[in-house]
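Q: Here is how the chains run, residue by residue.
Number of protein chains: 2
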Amino acid sequence: MSPSSELPLVGLSEIVAADRRFAGRIRRTPVLHLDAPVSAPGRTTERLPELLLKAEHLQMLGSFKIRGAFNAIASLPEEVRARGVVTFSSGNHGKAVAHAAAVHGIKATVVMPDTAPDVKIDGVRALGATVELVTPERRDVHPYELAERTGAHMVHPFDSREVIAGQGTVGLELLQQVPALSAVLVPVSGGGLISGVAAAVKAQRPDVAVIGVEPELAADAAESLRSGERAVWPTEDVYRTRADGLRATSLGTLPWAHIRQLVDDIVTVSEDDISRAIHGLACHGKQLVEPSGAVAPAAFLCGRYVPPAGAGPVTAVVSGGNVDPALVASVLTAQF
Amino acid sequence: MSPSSELPLVGLSEIVAADRRFAGRIRRTPVLHLDAPVSAPGRTTERLPELLLKAEHLQMLGSFKIRGAFNAIASLPEEVRARGVVTFSSGNHGKAVAHAAAVHGIKATVVMPDTAPDVKIDGVRALGATVELVTPERRDVHPYELAERTGAHMVHPFDSREVIAGQGTVGLELLQQVPALSAVLVPVSGGGLISGVAAAVKAQRPDVAVIGVEPELAADAAESLRSGERAVWPTEDVYRTRADGLRATSLGTLPWAHIRQLVDDIVTVSEDDISRAIHGLACHGKQLVEPSGAVAPAAFLCGRYVPPAGAGPVTAVVSGGNVDPALVASVLTAQF
Chain A
1 MSPSSELPLV
11 GLSEIVAADR
21 RFAGRIRRTP
31 VLHLDAPVSA
41 PGRTTERLPE
51 LLLKAEHLQM
61 LGSFKIRGAF
71 NAIASLPEEV
81 RARGVVTFSS
91 GNHGKAVAHA
101 AAVHGIKATV
111 VMPDTAPDVK
121 IDGVRALGAT
131 VELVTPERRD
141 VHPYELAERT
151 GAHMVHPFDS
161 REVIAGQGTV
171 GLELLQQVPA
181 LSAVLVPVSG
191 GGLISGVAAA
201 VKAQRPDVAV
211 IGVEPELAAD
221 AAESLRSGER
231 AVWPTEDVYR
241 TRADGLRATS
251 LGTLPWAHIR
261 QLVDDIVTVS
271 EDDISRAIHG
281 LACHGKQLVE
291 PSGAVAPAAF
301 LCGRYVPPAG
311 AGPVTAVVSG
321 GNVDPALVAS
331 VLTAQF
Chain B
1 MSPSSELPLV
11 GLSEIVAADR
21 RFAGRIRRTP
31 VLHLDAPVSA
41 PGRTTERLPE
51 LLLKAEHLQM
61 LGSFKIRGAF
71 NAIASLPEEV
81 RARGVVTFSS
91 GNHGKAVAHA
101 AAVHGIKATV
111 VMPDTAPDVK
121 IDGVRALGAT
131 VELVTPERRD
141 VHPYELAERT
151 GAHMVHPFDS
161 REVIAGQGTV
171 GLELLQQVPA
181 LSAVLVPVSG
191 GGLISGVAAA
201 VKAQRPDVAV
211 IGVEPELAAD
221 AAESLRSGER
231 AVWPTEDVYR
241 TRADGLRATS
251 LGTLPWAHIR
261 QLVDDIVTVS
271 EDDISRAIHG
281 LACHGKQLVE
291 PSGAVAPAAF
301 LCGRYVPPAG
311 AGPVTAVVSG
321 GNVDPALVAS
331 VLTAQF
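Chains as they are written, first to last, in our numbering: chain A, 1 to 336; chain B, 1 to 336.
Do not take every clue at face value.
[What the hints assert, rightly or not] Footprint (simulated), chain A over chain B, 3 or more residues, beta carbon under 8 Å:
1. 255–266
2. 287–300
[Stated by the list, open to error] Simulated crosslink set (DMTMM-like; lysine to aspartate or glutamate; CA at most 25 Å straight-line):
3. 120(B) x 237(B)
4. 107(B) x 50(B)
5. 120(A) x 35(B)
6. 120(A) x 140(A)
7. 202(A) x 223(A)
8. 120(B) x 140(A)
[What the hints assert, rightly or not] Not close to chain A: a few residues of chain B, all C-beta gaps over 12 Å, as computed:
9. 12
10. 35
11. 55
12. 103
13. 217
Hints in this document: simulated from the structure, not taken from any laboratory.
Each residue gets a CB set at the ideal place from its N, CA and C atoms; glycine is no exception.
Using the sequences provided together with the hints, build the complete structure.
A: Right, here's the structure in full:
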């Protein structure tokens, strides 16, 4: 038994506390219907339940990340919070920490690789954070040194109880919004989102299936759950997927403890499945999502997760919508 | 005083009755936040209230039209309904009548101009309706002859109490969803949608501004409200706008009675405003909408309707999302 499985998991009360801390400053995102055709080769699709979308791409800043970042900062004792926060991210988590820090009137430093595109660096700066650019090799070291030196609190993107509790509010809302829910599909990267959702859902409705979804090209979590040992994939491997929000090379320690105890299965989708899902979400659902945000719906739309006969509605968490319009334009005009 | 202003208007009880008839078979569409920049030349935009979207493009079949069509058919006495329904439409109303008829197990005939694209004809047929193609000149005559000959009931796209009452459920939901509402922006074509919304809103909250929005190139209703006389525009004029759902040449008689008594103002938007709004809705709101569906948000985003200082949130009704993906792709990659 690995040590991680002995870590106490995040409890429902912590997730409810996060929801209270939000106090209306984080959006309760809608659940949308998706009337897209399902292509599940060799399987009868006529009796499939409806696919619903938990629309976190419509969350503030375009992704679920603000939930965890906000809760992590709001949970800090005032004297700790006053010293500011630090994090590392080239994506949605950096923006989320910058915004949550600004709301709390404290300083945020976001460490980003010097290879990050200007638009992402400018996006974080526009939210009031200080950006420190480092070489990719220094990315995992520098933030901790910085926290040590300045006394700033590290807001880890996923390996944090408070972040997991914040992301768990997605599951809390979902059970209220879809009482007949039979399964929820959640994209997996470092594992913070699915850990929180699983903690919220399983505490209340152990009968609801919590299914992780990963790109085939970054399937370390699927491998971990199958083997029982946390897998680590090479960076160059996980960077092959276009789902740029799902390129973590391994699960966090705390997420791994949640996933091995609470998650029913982790399925994988191909790059072609992701493109088809982006297309289906746009043409049938009228929603523009980023590739990482299309991964969970892709598992249903492309038959990678087929619910049992007679099951109630399935919800896929659309994790984010921060997509380059040119990418969506190219997918919209592609033939499937 | 024109005779139309003496017609009794649709009352709140008829709209509430429509909502009851839906019995969950029509979606209660979500209200979405739109964090898009406002370009109102020469005006301070910093103090503008938030723009919300009543997302009828996420309604069943992709537009609000099912509300009116469903209510019209559900309201019929059983022996009348059994004789079937007929309507004329080359767009969303035809699909709505076809679907509502299928739900009620009755026959629907949709008269369409023989110039309609195959994809629209096939769309109506796929919903189980019979399509009769006529020359554009016969479009307004043939459906009435057909109704006369077969005993089928005519479901007019907008000049009908039951259709107006059905569309009014948009306003009913909106007041529940946005209690602090200060104004609602509604696209105007034949006038059925704005009549229903105005009837629902003004009966409960006369302080909420109900503002119509039309393309400059099809602004017969704006002219009518200004002059006090119902204007009729030439077909070739209104066909200049890309908002193909808003090409009615004049208001219906019953809508005109509602609009002159209940609507506060009708503003117009340019074709460029419509393109900017499609772009803003996609890039900032992650929503794909048809040009007609972008017209009401355009009035706010382009400064054609500027709410008074200190006003509460404004909601724009996004009427539909049935758009050619290639059109959206071209707007997504355009520079504004």
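Q: Measuring Cβ to Cβ, find out whether residue 12(B) lies farther than 12 Å from everything in chain A.
A: About 26 Å separates residue 12(B) from the closest Cβ of chain A, which puts it past 12 Å; holds.
Q: Counting residues of the segment 287–300 of chain B whose CB is closer than 8 Å to a CB in chain A, do you get three or more?
A: holds (count 3)
Q: Could you grab the alpha-carbon distance between residue 120(A) and residue 140(A) and see if it respects the 25 Å cut-off?
A: Holds: residue 120(A) and residue 140(A) sit about 19 Å apart, inside 25 Å.
Q: Hint check: residue 202(A) vs residue 223(A), CA-CA at most 25 Å. Holds or violated?
A: Within the cut-off at roughly 22 Å; holds.
Q: Starting from residue 120(A), check that the Cα of residue 35(B) is at most 25 Å away, please.
A: holds (18 Å)
Q: Does residue 103(B) clear chain A by more than 12 Å, comparing its Cβ with all Cβ atoms of that chain?
A: holds (15 Å)
Q: Are the Cα atoms of residue 107(B) and residue 50(B) separated by 25 Å or less?
A: violated (44 Å)
Q: Just want to verify: residue 55(B) was marked as not at the interface with chain A; is every Cβ pair farther apart than 12 Å?
A: violated (8 Å)
Q: Non-interface claim for residue 217(B): all C-beta distances to chain A beyond 12 Å?
A: holds (25 Å)
Q: Quick one, are residue 120(B) and residue 237(B) close enough, alpha carbons at most 25 Å?
A: Roughly 23 Å separates the two Cα atoms, so the pair holds.
Q: Take the C-alpha atoms of residue 120(B) and residue 140(A), compute the straight-line distance between them, and say whether it is at most 25 Å.
A: Judged against 25 Å, a Cα distance of about 55 Å means the pair is violated.
Q: For the segment 255–266 of chain B, do at least 3 residues have a Cβ located nearer than 8 Å to some Cβ of chain A?
A: Three-residue rule not met by the segment 255–266 of chain B, so violated; n is 0.
Hints 1, 4, 8, 10 and 11 from the earlier list are contradicted by this structure; the remaining hints agree with it.
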